[in-house]
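S.K.: Residue numbers (numbering that gives the first Met the number 0), protein chains in the order written: chain A, 0 to 180; chain B, 0 to 70.
Think of the hints as simulated: they come from the structure by calculation, not from any bench.
Treat the hints with care, since some could be wrong.
[Stated by the list, open to error] Within a straight-line C-alpha distance of at most 30 Å, the following computed DSBU-like cross-link-like pairs (lysine-lysine) qualify:
#  : chain 1 : residue 1 : chain 2 : residue 2
1  : B       : LYS28     : B       : LYS58
2  : B       : LYS42     : A       : LYS55
3  : B       : LYS58     : B       : LYS42
4  : B       : LYS42     : A       : LYS170
5  : A       : LYS170    : B       : LYS58
6  : B       : LYS2      : A       : LYS170
7  : A       : LYS170    : B       : LYS28
8  : B       : LYS28     : B       : LYS2
9  : B       : LYS58     : B       : LYS2
10 : B       : LYS42     : B       : LYS2
11 : B       : LYS28     : B       : LYS1
[Said to hold, decoys possible] One side only, chain A facing chain B, incomplete, derived with CB under 7 Å:
#  : residue
12 : ASN93
13 : THR103
14 : PRO119
15 : VAL121
16 : GLY127
17 : PRO173
Just so it is clear, CB atoms sit at the ideal spot from N, CA and C, and this is done for glycine as well.
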Amino acid sequence: MKTVLPGRLAITEEELGFLADYFEEKGGLLVPRGPIAMAQMVPTAGLDVIIGQFPKNDTRLTTLYLGLFTSQTASTVITSAQNGTNITEATFTNYAAQALATATWAAQAGVTNGRGTTYPQVTFPTAGSAQTINGFFVKTANAALSATNLVGQANFDDVTAVPLAANDVVKVTPTYAQLYQ
Amino acid sequence: MKKTYQCTNSSCTLGSREDAGLFTGGISKDQVTILTGVAEPPKEDYGNGICPNCGRAGKEIEPQGDPREGS
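Input sequences plus hints: build the corresponding full structure.
M.R.: In C-alpha cells form, the structure reads like this:
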C-alpha cells in the first residue's frame, strides 16, 4: 500500500514508519524529532572515579583504557546502578583494550552546552575472528572489568553495531564533555 | 588470562599516534600474506606476540591491577 503525502511523493508503509520514527509534522512540514543520540552512561562507580580525581585526592590516574563491548545493544548501555561486571568485553582474536594517556587528551574546547576534549583516533588490533561490537567503554586499569574499574560506557555515535569480520579493524575517536546543565 | 603484548613499532597504527598499542594473540599466517604479499611467510613472522597490525614482534607486558586499590 502506498500513502500519498499531499503534493509531495508516494511512499510505502515501511518508509512511512521510518519517517515517523525520526520526523514529525509541524505546519505541514516534516521536521526532525531531534538528534539521534547514542546511549551513554557513567554509572555510580564511574562517578566515584571522577569525584575521586576532583575534588578528592585519590591516586592520580595517568592512564585509562579504552575497550569494546559485545553486550547490551547498539543503542543501549548499562543503567546507573550497574557496573563493569554487567558488560561483556570483546574477545575477538588479537583484541586488547588500548591505553589512553591522560596527558594526550586535546585542549578543552566548546561543545554544545558545555566543554569537552577529544583523544586522537585509537586503532584496535586487526581482528583475527568475527564478533559484533556494540560500542566502547573506558576503564581505569588494563584488567578485567570489575565492580569498581568502569568509568563509562557508550554506543558508537551512529547507533550502529560493527559486525567485525577477520582482518577488519575498529577505530574509535573518544570524546569527553561536561555540560553546563 | 591471555598474555598482552605492546607493539613497540612507532610507525604502527595500533593504539593512537601517542601511545604504543596493545594486543593479545598475534598475527596469523593469512594476515601476514595480506600485509606483505608473501604467500608462504616464514614461521617466525606469525603467531603469538607478533603485532596483527604491522607484523613486527611485540613486547609482553605484565597484567595490571586497579591503581586505586592500593597494595
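S.K.: Hint by hint, note whether the structure agrees.
M.R.: Okay, the hints, checked on the actual structure:
1. Restraint check for B/LYS28 and B/LYS58: the C-alpha separation of about 20 Å stays at or below 30 Å, so the hint holds.
2. Proposed proximity of B/LYS42 and A/LYS55 is contradicted: the alpha carbons are some 52 Å apart, above 30 Å.
3. Taking the CA atoms of B/LYS58 and B/LYS42, the gap is about 18 Å. The hint holds against a cut of 30 Å.
4. Taking the CA atoms of B/LYS42 and A/LYS170, the gap is near 29 Å; set against the 30 Å cutoff, the hint holds.
5. For the hint linking A/LYS170 to B/LYS58, the alpha-carbon distance of about 22 Å falls within 30 Å, and the restraint holds.
6. Distance check on the hinted pair: B/LYS2 and A/LYS170 sit about 22 Å apart at the alpha-carbon level, within 30 Å; holds.
7. A distance of roughly 23 Å separates the Cα atoms of A/LYS170 and B/LYS28; the hinted pair therefore holds under the 30 Å criterion.
8. A threshold of 30 Å between alpha carbons decides the hint, and for B/LYS28 with B/LYS2 the separation of about 19 Å falls inside it, so the pair holds.
9. Only pairs whose Cα atoms come within 30 Å are accepted, and B/LYS58 paired with B/LYS2 is accepted, the gap being roughly 10 Å.
10. Proposed proximity of B/LYS42 and B/LYS2 is supported: the alpha carbons are some 20 Å apart, at most 30 Å.
11. Between B/LYS28 and B/LYS1, the direct Cα distance comes to roughly 20 Å. Compliance with the 30 Å bound is thereby established for this hinted pair.
12. With a cut of 7 Å, the hint placing A/ASN93 at the interface with chain B holds, because the nearest CB-to-CB distance is about 4 Å.
13. Satisfaction of the interface hint for A/THR103 is found here, the shortest Cβ-Cβ separation to chain B being roughly 4 Å, below the 7 Å cut-off.
14. Residue-level restraint check for A/PRO119 holds (minimum Cβ-Cβ distance to chain B is 4 Å; threshold 7 Å).
15. Because the closest C-beta pair between A/VAL121 and chain B is about 5 Å apart, less than 7 Å, the hint holds.
16. Restraint check, A/GLY127 versus chain B: the minimum CB separation of about 6 Å is within 7 Å; hint holds.
17. A distance limit of 7 Å between C-beta atoms decides the matter here; for A/PRO173 the minimum to chain B is near 9 Å, and the interface restraint is violated.
Figure legend: structure checked against the earlier numbered hints; hints not met, in rising order: 2 and 17.
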